[in-house]
Structure formats: C-alpha cells, structure tokens
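Based on these hints, arrange chain B on the given structure of chain A.
Line by line, the protein sequences give chains A and B. For the first sequence, my numbering assigns the number 1 to the initial residue and increments by one for each residue that follows. For the second sequence, my numbering assigns the number 1001 to the initial residue and increments by one for each residue that follows.
Bear in mind the hints are in silico, worked out from the structure with no lab data behind them. All values derive from a computational prediction rather than experimental measurement.
Which bits of chain A does chain B cover? Going by a derived footprint, with three or more residues having C-beta under 8 Å, they are:
hint, region
1, 41 to 55
2, 102 to 114
Which bits of chain B does chain A cover? Going by a derived footprint, with three or more residues having C-beta under 8 Å, they are:
hint, region
3, 1036 to 1043
4, 1102 to 1109
C-beta: ideal position from N, C-alpha, C; glycine also.
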Amino acid sequence: GQQVMQIPQYQHVQEGEDFTTYCNSSTTLSNIQWYKQRPGGHPVFLIQLVKSGEVKKQKRLTFQFGEAKKNSSLHITATQTTDVGTYFCAGTAGDRGSTLGRLYFGRGTQLTVWP
Amino acid sequence: NAGVTQTPKFRVLKTGQSMTLLCAQDMNHEYMYWYRQDPGMGLRLIHYSVGEGTTAKGEVPDGYNVSRLKKQNFLLGLESAAPSQTSVYFCASSHPGHFLEQYFGPGTRLTVT
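Only chain A is shown next, with the shape it has when bound in the complex:
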C-alpha cells in the first residue's frame, strides 16, 4: 500500500544552524503537502507542491518536490526557537487519491532548537 517515509525522526540543532527533513514515497505522488505541529498543538498546513521539480520558499523555509514526484524536502535556514515543532509531509496518491482527498502522512521530524 501507499507509504510515505520521513527522516530523520528527531533533529536537535543550535539556533542559527540549518535543518532539513526528507520525505520519500514508495509510489508516485500527485502532490505533497507540509504541515507543522507545535508542541501541544495541532498540525497546521504550510504549503503544497504539485509540479515535478517544484521549489517554493517561505522566508527561511525552502520546499522541494522531486523530479519523479516521489520525494520531497523541507529546509530551514538559520533556525530560530520559533521553528520548534514536528514537521510532517503528506502526499496524495497519484491514482485515485487526489479525488478521494486522502493524505498519506509521514511520521514526522521533531525539531528541537537550542538557544
């Protein structure tokens, strides 16, 4: 069945260092979304990537979608304490998934930032 793998599971960085989390799917994705969950909170949508090779930026965050639409990454430049949380990728299957609205979530990367 559809699987979305995400690594690493945990990442501890000092404030100012960069951070990257990677997402890989066993099958081609129609699109991929990224969510952030602050400690004690709920997941909040960050961005969606649809096109092969697409790159999008949000201030210090850079999101990429692989050429084969099977992998994605989120890179944060110069982390800040406000970046603390768990980052999830979630993909929509390339076949019927997009019409059914079902997302396949990775297990998330928990980011800790030391001041």
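Okay, now just chain B, sitting in the frame of chain A:
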C-alpha cells in the same frame, strides 16, 4: 468562523466503556477525517468521509465506528474502549478538488485505564 472544533478536549475511560467524539466544521467542507496520533507514529487515519452519509476505512479502523449524518459533523465512536486506544485524536476537514489542504481541530486527549 470557528473552523474545526472537537469535543471533548480530554477524557478518561475505563476499559470496556464507550464514548463518542464529536467533530464539527463550519467551512462547508465535503471531506472529513479522524486521525490518531501516538508518539513516534505520526498521524494515522482511522476513518474518513467524502460526503454526508458516506464513510470509509482508513489505516487503523478496528475498534472504531463513525457516522456522518450531517455535512458539518463527523462522529467517532468507541464501542468498547481498550488501553491501546489511549491516544490523541484529531479531526480534520478539507474541500474537494486539486487543493486538498486539511484543517485540523485542536484534538482530544483520551486515556483508557
């Protein structure tokens, strides 16, 4: 708009007891979902609905039932709670189409003793 709301926020059950979690959304979304979140396991889909009166099984449906009698509400039922169902439950909704951003509720923390 309140977005997605969930009741209750916290609940403690004894093994074998039953309960219903209520999710409500005021965004007129067609799709609604129930997830559970356990440490290190991410978000796992329990059941989902693509419209009023329709439901479908997700990744971990056993031990749960759902109903979508009204478009704005999605109920998750536990008929006979087990300690393995101790978790944080999130409801989410989205609109059909190419852009499927999911809006999550604040969650319900359930403990089964």
